[in-house]
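S.K.: Residue-level listing of the chains:
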Amino acid sequence: MDDEQRSEIVHEGRITRRRMLFGAAGAVGAAAFLAACGDDDDSTSATTAAGAATATTAAGAAATTGSSMATQGTTAGSTAGTTGASSAGSAGAGSTDLATLLAIDPASAGKGTTIQLAAVLALTGTGSFYGKTMSRGLDLAAKHIAELGGPTFKYTYLDHKSGDAAAGTQAMAEIVSKGIHAKFASYTDDLGVMLTSTAENKVFTLDGGGGTSIFGQGKPYFWGTRAITPNDTLPGLFKWAKETHPDAKTVGLVGWDIGEPNNSIVKKDVLAKISAAGYEFNNLYELVPVGGQDFSQVLPKIKGNEPDLLLVGMYGQDPGSFANQAATAGLKAVRVGFEFTPDGVKASKGTYDSAGYTFTYDYFDPANPKSPMAKKFVEDFKKDNGEDPDFYAANFYENAFVMWELMRRIWKADPKADINGDSLEKALESDLTVVSVYGGDDTHLGSYTLDATTHSVKKRQMGVFEYKGGKVTAKAFFGIDGADYKSA
Amino acid sequence: MLALTFETFRQLTVNGFFRGCAYGLLGVGFALILGVTGRFHFAYGFTYTLAAYLAFTLTFRAFSWPFWPSAILGVLLAACAGAAIERGVYRPLAKNAGATALLAVFVASLGIGIAGENLIRLLWGSETQAYFGPTQTTIDWWGVTFINFDWWQAIAAIVITAALAAMLRYTALGRRIKATRVNPDLAKAIGIDADKTYVIVFFLGTICAGVASFFYAVKYTVDPAMGTLPITYAFVVAFLGGTARSPIRVFLMGIVVSLIEQYASIWLSVQYTQTAVFVVLVGYLTYLAIRSSAFMAKFNKAGRPTPVVPSTAAEV
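Listed in order, the protein sequences are those of chains S and U.
If you count the first sequence from 1, position 192 lands on 223 in my numbering, and the numbers rise without skipping.
If you count the second sequence from 1, position 122 lands on 123 in my numbering, and the numbers rise without skipping.
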């Protein structure tokens with residue numbers, strides 16, 4: 032028996048005092064460390080330099096100043112006489128009761144029914160921020176719908192790993208095998224990977240994350256419920272640019288590589304819109320990997336071919352990293368992004384706050400909710416999550432309500448009707464104006480209108496905004512194709 | 002075709018150098034581990050990520066410790082994790098797997114890499130974390146711009162590589178490591194504890210990854226998937242530089258790989274520049290294969306092929 036074996040026998044079956052002390056200390060240390068890992072309190076970052084303030088603002092609200100956004104509900108409501116949103120105008124004048132505004136008929140509300148829905152989101156990977164905020168919006172909507180006497184929404188959350196093709200294919204296989212007829216999607220049905228299966232298996236889909244983009248337009252059972260970026264925003268953006276930067280003549284773009292043929296389809300449309308606005312394309316159209324944070328290869332190329340107006344077609348944290356490095360590289364072009372997220376603020380390492388960040392899209396303003404629905408959403412979201420909701424949480428919250436609105440239409444016509452891809456598609460096609468968490472006022476809910484051909488939004492308010500010093504300021508508002516443009 | 006100016010070329014070169022310092026450091030650490038132990042340590046990406054997360058946590062989450070001590074401790078703790086993987090997983094697995102040890106360790110390392118990334122997601126969440134350090138300043142040298150962190154990273158990488166090379170050449174530990182690399186069995190026979198040497202090598206190799214990771218985090222952000230791409234570059238640089246060669250040569254190869262990538266972006270769109278690196282790798286492998294082929298043997302004066310293709314992992 033060697034020394035090692037002897038030692039083991041001596042201690043076998045009992046714990047020495049020393050071991051116990053080490054064990055207890057280790058357990059306490061590990062517990063404290065693990066607890067600290069998950070602590071989201073960024074206030075401890077006060078020891079940092081420029082970034083400390085940024086971290087705090089990133090988690091908190093981005094207050095909007097300047098002129099308030101025009102209420103879309105007023106515009107859309109006037110053209111959509113049969114939606115719950117607009118019917119509220121007559122049924123609920125002066126009332127802030129959400130059930131009344133939504134025109135819920137208890138007979139067709141679906142109480143006691145359980146609806147299985149899928150949500151294929153970026154739960155992991157570089158875009159996991161999106162998955163988190165979108166699922167929060169969906170969960171809150173499910174809670175509110177049940178409270179309002181609607182069905183129980185049971186979500187099956189699936190992960191497309193931030194645009195991974197194999198993950199998207201696998202998610203669709205799971206949805207089909209489980210017999211789920213409707214889903215919420217992001218990244219334009221996982222960068223188009225799920226579109227074919229969505230159509231073949233008649234899985235009715237609402238995408239409030241990526242919308243239809245240009246390449247996903249007109250696909251059966253797939254509807255994009257947000258404005259397409261960058262494309263939908265460009266006419267309005269160029270109107271703003273002509274007002275504020277009259278000397279700007281040339282336009283270039285740096286953006287995400289979303290694969291072919293999607294890249295070519297988007298590029299063709301972007302170039303057409305640049306030309307239509309009277310600008311000159313300066314041949315700078317550089318694509319970068321999704322989720323890449325190092326722009327040291329592309330920045331010298333941009334600097335050597337710098338346009339007057341640079342469109343930054345990236346999302347999530349990437350525009351923040353880009354802004355930081357572009358400032359270091361000394362780019363002088365007017366840079367415009369197409370999204371604003373706390374992840375981007377963090378990745379900008381203070382550049383958004385110090386130099387400002389201009390962006391254009393259908394931004395949701397949590398500091399200025401218009402309708403009772405939006406107010407309840409913002410209030411309860413803050414209560415549940417300790418922070419303001421963003422654009423994606425708002426869109427997915429809204430999408431769940433749209434899904435319920437379609438179900439109510441189906442049950443109103445036939446209380447025993449099946450909820451499936453076909454019935455949902457027909458219900459939407461019967462009236463393309465649906466309820467929205469955007470716009471509206473104290474007595475009206477907002478709404479937006481989809482296009483029967485493109486399956487994208489036809490009417491949705493967008494704008495140009497600037498984030499600086501912890502605040503978002505509106506600069507201009509407009510609709511699709513720059514309609515109803517007005518300076519803020 | 003975009004205009005290429007001398008300023009663009011100059012900036013790409015400088016950016017390539019700084020990026021190459023990170024690649025070089027990653028390659029040095031990976032080459033040391035692979036060359037000495039023969040283990041394809043693909044969990045290197047996990048330990049890379051862990052270093053940044055630990056440093057971040059010590060400063061911003063757990064203890065609010067000062068920035069630099071937290072950074073150093075984070076790297077050292079990650080290095081301990083690297084050593085623990087060798088001691089607790091690879092070594093017992095290799096001993097039990099016998100002739101298939103190489104494959105067993107390779108599969109285990111992939112498993113640890115995937116599990117490790119997901120563990121980080123569970124502990125810290127999947128979202129990006131902003132890692133703020135000292136104030137970022139821009140340096141402008143004759144129209145070429147970079148930031149202070151680039152500069153610091155380059156200095157740290159050069160110092161670490163030089164120190165590692167000196168240690169291998171001039172110290173007793175270095176001689177033990179080299180002896181183990183050449184022939185672990187013979188090293189044991191002359192009284193060198195090869196197992197202990199392996200653990201030390203994992204510790205040192207992970208320090209290289211940790212330092213590269215720390216500077217990446219300070220320049221950009223911390224996220225659970227940040228170790229995915231570096232492992233690829235570490236492998237390419239280590240392979241091209243030679244795992245049995247001096248760390249200085251491997252480090253320089255990192256800069257060469259980065260410059261190839263940067264210059265490729267002049268003609269290619271950025272999303273294709275990584276392809277250029279792999280074209281070089283495939284070209285190198287083809288060259289090795291042709292050199293050792295029977296065809297080339299005809300032209301060998303000695304009448305037999307030159308054994309340039311490594312026959313064992315330890316020789317890679």
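Derived from the structure by calculation, the hints contain no laboratory data.
Quick reminder that beta carbons are idealized off the backbone N, C-alpha and C, glycines included.
Please note: incorrect hints may appear among the correct ones.
With the Cβ distance kept under 10 Å, some of the chain U side facing chain S (calculated, not the full set) [stated by the list, open to error]:
1) 13
2) 20
3) 97
4) 118
5) 128
6) 142
7) 184
8) 196
9) 224
10) 225
11) 274
12) 291
13) 292
14) 293
15) 294
S.K.: Next, verify each hint and record whether it holds.
M.R.: Results for each hint:
1. 13: 5 Å, holds
2. 20: Holds: closest Cβ of chain S sits about 6 Å from residue 20 of chain U, inside 10 Å.
3. 97: 19 Å, violated
4. 118: 9 Å, holds
5. 128: For residue 128 of chain U, the interface hint holds, since the closest Cβ of chain S sits about 5 Å away, which is under 10 Å.
6. 142: Nearest chain S Cβ about 13 Å off; hint violated.
7. 184: 28 Å, violated
8. 196: Violated: closest Cβ of chain S sits about 15 Å from residue 196 of chain U, beyond 10 Å.
9. 224: 6 Å, holds
10. 225: With a minimum Cβ separation of about 8 Å from chain S (threshold 10 Å), the hint on residue 225 of chain U holds.
11. 274: Hint holds; residue 274 of chain U Cβ to chain S Cβ min 6 Å, cut 10 Å.
12. 291: 32 Å, violated
13. 292: 32 Å, violated
14. 293: 35 Å, violated
15. 294: Because about 36 Å separates residue 294 of chain U from the closest Cβ in chain S, which is outside the 10 Å limit, the hint is violated.
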